[in-house]
Amino acid sequence: MTSTTRLLEGLGRIYVGLLLAFLYLPIVIMALMSFNASPFYQLPFEWTTKWYSDLASNAQLLAATWNSIEIAIIATVLSTLLGTAASIALFRYDFRGKRFLQALLLPPIAIPWLITGTAMLIFFFGVGIGRGLHAILLGHVALALPYVIVVVSARLQTFAPELEEAARSLGASQWQVTMRITLPWIMPGVIAGALFAFAVSFDQFVVSYFLSTPGQATLPVEIYAAIRKGFMPEINAVSTIIIVVSMGLMLVTARFFKFGGEK
Amino acid sequence: MADVRVEKVTRSFGAHKALDEVSIVFPDGGFYALLGPSGSGKTTLLRMIAGFDYPDSGSIVIDGDSVERVPVDKRRIGMVFQNYALFPNMSVADNVAFGLSVRGEAKATIAVEVQRALDLVQLGKLGERRPHQLSGGQRQRVALARAIVTRPRVLLLDEPLSALDKALRVDMQVELKRIQREIGITTIFVTHDQEEALTMSDRIGILRDGRLVQEGSPEEIYDSPASEFAATFLGDANILPGTAEGNGLRLADGTLVAARSTVLPAQGRAASCAVRPERIAILPAAVAMLDGKENSLAGCVAKRIFAGSVSTYFVDCAGQTVKVLVQNAGQPRLGEGDDVVLRWSPESTVLFAS
Numbered sequence: 001m002t003s004t005t006r007l008l009e010g011l012g013r014i015y016v017g018l019l020l021a022f023l024y025l026p027i028v029i030m031a032l033m034s035f036n037a038s039p040f041y042q043l044p045f046e047w048t049t050k051w052y053s054d055l056a057s058n059a060q061l062l063a064a065t066w067n068s069i070e071i072a073i074i075a076t077v078l079s080t081l082l083g084t085a086a087s088i089a090l091f092r093y094d095f096r097g098k099r100f101l102q103a104l105l106l107p108p109i110a111i112p113w114l115i116t117g118t119a120m121l122i123f124f125f126g127v128g129i130g131r132g133l134h135a136i137l138l139g140h141v142a143l144a145l146p147y148v149i150v151v152v153s154a155r156l157q158t159f160a161p162e163l164e165e166a167a168r169s170l171g172a173s174q175w176q177v178t179m180r181i182t183l184p185w186i187m188p189g190v191i192a193g194a195l196f197a198f199a200v201s202f203d204q205f206v207v208s209y210f211l212s213t214p215g216q217a218t219l220p221v222e223i224y225a226a227i228r229k230g231f232m233p234e235i236n237a238v239s240t241i242i243i244v245v246s247m248g249l250m251l252v253t254a255r256f257f258k259f260g261g262e263k
Numbered sequence: 264m265a266d267v268r269v270e271k272v273t274r275s276f277g278a279h280k281a282l283d284e285v286s287i288v289f290p291d292g293g294f295y296a297l298l299g300p301s302g303s304g305k306t307t308l309l310r311m312i313a314g315f316d317y318p319d320s321g322s323i324v325i326d327g328d329s330v331e332r333v334p335v336d337k338r339r340i341g342m343v344f345q346n347y348a349l350f351p352n353m354s355v356a357d358n359v360a361f362g363l364s365v366r367g368e369a370k371a372t373i374a375v376e377v378q379r380a381l382d383l384v385q386l387g388k389l390g391e392r393r394p395h396q397l398s399g400g401q402r403q404r405v406a407l408a409r410a411i412v413t414r415p416r417v418l419l420l421d422e423p424l425s426a427l428d429k430a431l432r433v434d435m436q437v438e439l440k441r442i443q444r445e446i447g448i449t450t451i452f453v454t455h456d457q458e459e460a461l462t463m464s465d466r467i468g469i470l471r472d473g474r475l476v477q478e479g480s481p482e483e484i485y486d487s488p489a490s491e492f493a494a495t496f497l498g499d500a501n502i503l504p505g506t507a508e509g510n511g512l513r514l515a516d517g518t519l520v521a522a523r524s525t526v527l528p529a530q531g532r533a534a535s536c537a538v539r540p541e542r543i544a545i546l547p548a549a550v551a552m553l554d555g556k557e558n559s560l561a562g563c564v565a566k567r568i569f570a571g572s573v574s575t576y577f578v579d580c581a582g583q584t585v586k587v588l589v590q591n592a593g594q595p596r597l598g599e600g601d602d603v604v605l606r607w608s609p610e611s612t613v614l615f616a617s
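Protein chains in written order, with my numbering: chain A, 1 to 263; chain B, 264 to 617.
Hints are computed from structural coordinates only; laboratory data are not their basis.
Computed from a predicted structure; not experimentally measured.
Beta carbons: idealized from backbone N, C-alpha and C, even for Gly.
Certain hints may be false.
[Claimed, not checked] Computed, partial: chain B to chain A, Cβ under 7 Å:
| # | residue |
| --- | --- |
| 1 | Val335 |
| 2 | Met342 |
| 3 | Phe361 |
| 4 | Gly362 |
| 5 | Lys556 |
| 6 | Ser559 |
| 7 | Cys563 |
| 8 | Val564 |
Produce the entire structure from the sequences given, and follow the hints as far as they go.
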């Protein structure tokens, strides 16, 4: 090995190290502080689980957490079902305006959520949907849908249409073909799309903020409101719980599905 | 088993007529090859019989039932695709079982039928394998087993051998023919490979630009092509142009070539005749004797290609090059530049208007 490649390799390691540090250090510090007795991040570190027991009695934060989880799950299920069905339709059928329709999927991903949120607020107000958890759910499904379609469609590109034809020639109905041939093949894409949808909804602050009402808010909105009143260490605690749960979820899924590639 | 009747089937894609009033009867239990160059409409016709596409007009009748509006899954057909289209996420046995399973057959029945189909294609022990663990020839067999296990009324083959290498292809031709005979299923086979069509089928239909240009047994079409296209597409042929005269053709250099008495083109009109290279005898000019009944042309050997059991001569005569195929059976060899006489019988000469 020449000294140049050794140097490059060294630089590469430093780069990866910095990347991981910037990504994970703030999270690790927050998690540690959720177990620190001082509410103001003061050292020395003193072990406590006080903030977790405080959290258990903070009804407002807990309610918001449940709201977030409920909305994220329902939005994920809805947008994954609708998005997968739409992807299969776009894959199978040729119709007028199909390319235009596909092109229309991308701008919502690029448009800033602040603008989408404002637009939704005005529109929902205008047509009488109003604000509240139902409006947040509706908004999240609409936001997540393009992500699901893009991810599932990418997976469908690796699917050979002759497989559907072969199945049909063997006597399978359109529905049987979808359930037994197409869906099993695109399942890794569907799971990836669902994870995206969950992330879009669960992380969503801007749109949720516009569409929430006092008492009908999701966790990010509630945390923001709490911080504006003054920092509470319970926020560290609830954030840590959420990080542990969602990272666990990701690791489990990544263990069972290798995204994109053949199995 | 069943016969398939296609009547006046027309299908257009925009301004392009992919099929133009094609009528064919595929006999019960027969092996019928649809032969044609790409774009001739052969695959369109097969997909229409399968039910993947519907005709603009005309009828398709399988076993007496009009099916032109019946969707593919209700037609009870079996199809083998060009690239096999095996389900990658299923084992070989599950691939073969699929057709029975979607029909809701009992598990025990399925297992018996699948084993029987796999035995028929000589893959009885590979049921647990995945498609990607099989060779090309084995995948081909699985695709065939999958297509016939449901006891379809007709078996449709879309260039099933084109993805195999030459040696394997010949093996599979024999194998496919054996299986077809054994179960006696009406088979429609799409190919652009004339040799495959000749060796496997008992009837051939030649398609060109969406029309059926000729139909018959392999021997009929090979011996009596109805057009220059049929003569050159199925097998090799020398085409000699000239004008129709009497029972034959007057070539540009003045030679009169006698042809088999068939339907004759109008006298004095441009016409051409076809002669197969293996029907022509090649003789050294010195020893050739004239024989009034045979056609003969004097020429000069331009090129000779030796290929073991046979030699191909390219002979310049009457202003064009004539190809002659000769068995190497010990006769004196002719060299390039030798003066020769070509001789062939009027029975081997097919005349058509050009």
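Each hint tested on the structure:
1. Below 7 Å, beta-carbon pairs count as interface contacts, and Val335 of chain B has one with chain A at about 5 Å; its hint therefore holds.
2. Because the beta carbon of Met342 of chain B sits about 4 Å from the nearest beta carbon in chain A, less than 7 Å, this interface hint is met.
3. Interface hint status for Phe361 of chain B: upheld, as the beta-carbon distance to the closest one in chain A is roughly 5 Å, under 7 Å.
4. Among the interface hints, the one on Gly362 of chain B holds; its C-beta lies about 4 Å from the nearest C-beta in chain A, closer than the 7 Å criterion.
5. A cut of 7 Å between beta carbons decides the hint on Lys556 of chain B: the least distance to chain A is about 55 Å, and the hint is violated.
6. Checking Ser559 of chain B against chain A: minimum C-beta separation of about 54 Å lies over 7 Å; hint violated.
7. A distance limit of 7 Å between C-beta atoms decides the matter here; for Cys563 of chain B the minimum to chain A is near 53 Å, and the interface restraint is violated.
8. With its C-beta approaching chain A no nearer than about 50 Å, Val564 of chain B sits outside the 7 Å limit, and its interface hint is violated.
Comparing the model with each numbered hint stated earlier shows that hints 5, 6, 7, 8 do not hold.
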